[in-house]
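S.K.: Work the whole structure out from these sequences, hints included.
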Amino acid sequence: MSQLPMIAIEHLDVHFGSSHVVRDISFSVAAGETFGLVGESGSGKSTVLRTIAGLNPGWDGRMAVAGQNLGPRRDRAFFRRVQMVFQDPYGSLHPRQTVDRILAEPLEVHGIADAEARIARALEEVALPHTARFRYPHQLSGGQRQRVAIARALIADPSVLLLDEPTSALDVSVQAEVLNLLSDLREARQLTCILVSHNLAVIAHLCERLAVMQGGRIVEILSEAELRAGRAKHSHTQDLIALSYELEG
Amino acid sequence: MSATTRREWLLSDTPASRAQARWGRRYQLWLAFRRNWLAVAGLLIVVAMLLLAIFAPLLATHDPGAQQLANRLQPPSAAHWFGTDELGRDSWSRLLYGGRVTLGMVVAVVILVAPLGLVVGCVAGYAGGLLDKVLMRVTDVFLAFPRLILALAFVAAMKPGVESAVVAIALTAWPPYARLARAETLTIRNTDYIAAVRMTGASHWRVIWKHVTPMCMPSLTVRVTLDMSSIILTAAGLGFLGLGAQPPIPEWGTMIATARRFILEQWWVPVIPGIAIFTASLAFNLLGDGLRDVLDPKQR
Chain H
2 MSQLPMIAIE
12 HLDVHFGSSH
22 VVRDISFSVA
32 AGETFGLVGE
42 SGSGKSTVLR
52 TIAGLNPGWD
62 GRMAVAGQNL
72 GPRRDRAFFR
82 RVQMVFQDPY
92 GSLHPRQTVD
102 RILAEPLEVH
112 GIADAEARIA
122 RALEEVALPH
132 TARFRYPHQL
142 SGGQRQRVAI
152 ARALIADPSV
162 LLLDEPTSAL
172 DVSVQAEVLN
182 LLSDLREARQ
192 LTCILVSHNL
202 AVIAHLCERL
212 AVMQGGRIVE
222 ILSEAELRAG
232 RAKHSHTQDL
242 IALSYELEG
Chain A
48 MSATTRREWL
58 LSDTPASRAQ
68 ARWGRRYQLW
78 LAFRRNWLAV
88 AGLLIVVAML
98 LLAIFAPLLA
108 THDPGAQQLA
118 NRLQPPSAAH
128 WFGTDELGRD
138 SWSRLLYGGR
148 VTLGMVVAVV
158 ILVAPLGLVV
168 GCVAGYAGGL
178 LDKVLMRVTD
188 VFLAFPRLIL
198 ALAFVAAMKP
208 GVESAVVAIA
218 LTAWPPYARL
228 ARAETLTIRN
238 TDYIAAVRMT
248 GASHWRVIWK
258 HVTPMCMPSL
268 TVRVTLDMSS
278 IILTAAGLGF
288 LGLGAQPPIP
298 EWGTMIATAR
308 RFILEQWWVP
318 VIPGIAIFTA
328 SLAFNLLGDG
338 LRDVLDPKQR
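From first to last, the protein sequence lines are chains H and A. If you read the first sequence in my numbering, its first letter stands for residue 2, the second for the next number, and so on. If you read the second sequence in my numbering, its first letter stands for residue 48, the second for the next number, and so on.
In short, the hints are calculated from the structure, not lab data. The model shown is predicted, which means the values in this text are computed figures rather than measured ones. Where is the CB? At the ideal position from N, CA and C, for every residue including glycine. Everything hinted at is true.
Covered by chain A, according to a simulated footprint, are these stretches of chain H (three or more residues, beta-carbon under 8 Å):
{"hint": "1", "stretch": "88 to 94"}
{"hint": "2", "stretch": "107 to 117"}
{"hint": "3", "stretch": "137 to 150"}
Partial pick of chain A residues on the chain H-facing surface, computed with a CB cut under 7 Å:
{"hint": "4", "residue": "Pro62"}
{"hint": "5", "residue": "Ala242"}
{"hint": "6", "residue": "Met246"}
{"hint": "7", "residue": "Thr247"}
{"hint": "8", "residue": "Gly248"}
{"hint": "9", "residue": "Pro261"}
M.R.: Pasting the structure below:
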């Protein structure tokens with residue numbers, strides 16, 4: 002692809018105090034592409050995502066979104082463009098706020114008018130009933146909560162969506178629904194996504210390319226076709242593939 | 048709207064408006080609170096005492112300052128329900144007006160202290176780093192002062208009176224709230240829902256004010272209610288030592304102090320304001336205990 006990549010990460014290092022969590026990571030994601038980050042827990046994949054989102058201060062290297070370099074502080078325009086869906090829908094919604102209030106917050110911050118209609122449309126888009134609008138998170142199921150979180154991420158029309166294991170806290174039956182919803186929304190809105198997961202099947206389902214991480218490093222970047230054809234070169238990738246076959250039986 | 052449909056409207060699982068959701072949640076809390084009859088009793092007593100204090104001019108049978116030296120130290124009777132004090136003033140009327148001063152001091156202290164503690168604690172907890180260290184060391188310094196002694200020194204430095212007593216108590220009462228709010232904020236600041244709010248691009252003030260403080264409010268409310276009794280006692284203690292309300296203003300602590308000479312012969316004179324202090328403190332404690340059962344996030 003000749004055009005400028007939507008997300009470019011070069012030589013990213015992340016430190017938490019004295020521990021070096023992410024080491025010299027580089028990758029880029031084209032506009033409209035979905036890029037997967039896969040690895041065992043503790044491999045640093047979620048940290049990469051949170052660092053891009055501006056939630057981790059201690060990093061160096063170069064990160065750019067839509068051609069603009071990211072500094073230590075993100076401005077409001079950045080958050081208009083980049084949004085994130087968190088792993089645990091039980092922890093990512095404010096327990097004292099109704100769905101309506103949660104969805105209204107990004108609109109208020111960005112000064113977007115027409116909140117009523119936008120909230121109604123956002124609920125429709127993630128297939129939540131209107132009756133859910135004034136409920137509190139504890140009155141919703143896990144799958145419904147994650148739909149609220151997705152609606153919140155999309156309500157200010159971002160172009161980049163960061164997905165941090167969006168289905169791993171959900172029941173298996175609900176996982177497929179949420180994955181299909183994400184897949185549909187990505188098509189409809191031309192989103193650029195980075196998906197973090199420990200599940201190769203989920204990654205293969207949604208991503209065109211993926212990076213395999215181990216111990217804070219990317220050990221291999223390959224396309225989904227290469228993955229399916231079994232052309233993974235690194236031994237850790239092959240281990241992960243073997244493991245996912247084993248789990249699926 | 049009849050009673051049953053209003054109940055259904057409040058308890059609806061699918062509220063149709065912001066107001067319905069909010070009132071529904073409050074109603075749920077009230078239902079939980081109502082199950083604890085001791086707490087309800089505490090609430091009723093607190094409300095009754097506040098009403099008595101507010102409507103003191105209407106309820107008092109005598110002028111609280113009017114002296115009748117021929118009529119001093121009378122036992123309770125039809126003319127003087129709670130008897131008279133050493134200057135022949137009506138104890139019932141003085142008790143009502145004293146409630147205005149004592150409870151008014153408590154309310155004033157809480158209004159000064161709770162927001163200050165909340166802001167200091169939330170800002171320190173959320174900001175972390177140097178600001179946290181500075182704010183918390185200041186809090187520690189205030190926390191290290193013996194409460195009554197600092198209040199004493201402060202009142203002595205200023206002119207004794209209700210206002211300086213309020214400021215003195217407030218000065219020593221805010222650090223525990225700051226500590227509490229900070230502890231709550233520390234558990235909240237790294238949650239995903241606050242990260243999600245930060246990802247909307249909201250300013251730090253907005254995050255603290257709209258999203259962090261509401262989570263600190265329940266435990267702070269409980270703590271304030273439980274502390275009411277000790278604020279009453281400190282206010283009365285300052286009054287007893289002559290550093291709070293000045294005569295002839297009636298104040299429960301001052302009333303005990305001036306009447307303590309008669310505790311053996313005319314015991315009702317100092318005992319009646321003592322019972323008022325005791326009842327108010329107990330009622331606030333019961334109320335606070337009930338609120339904790341309902342509001343404490345760790346129990347829900």
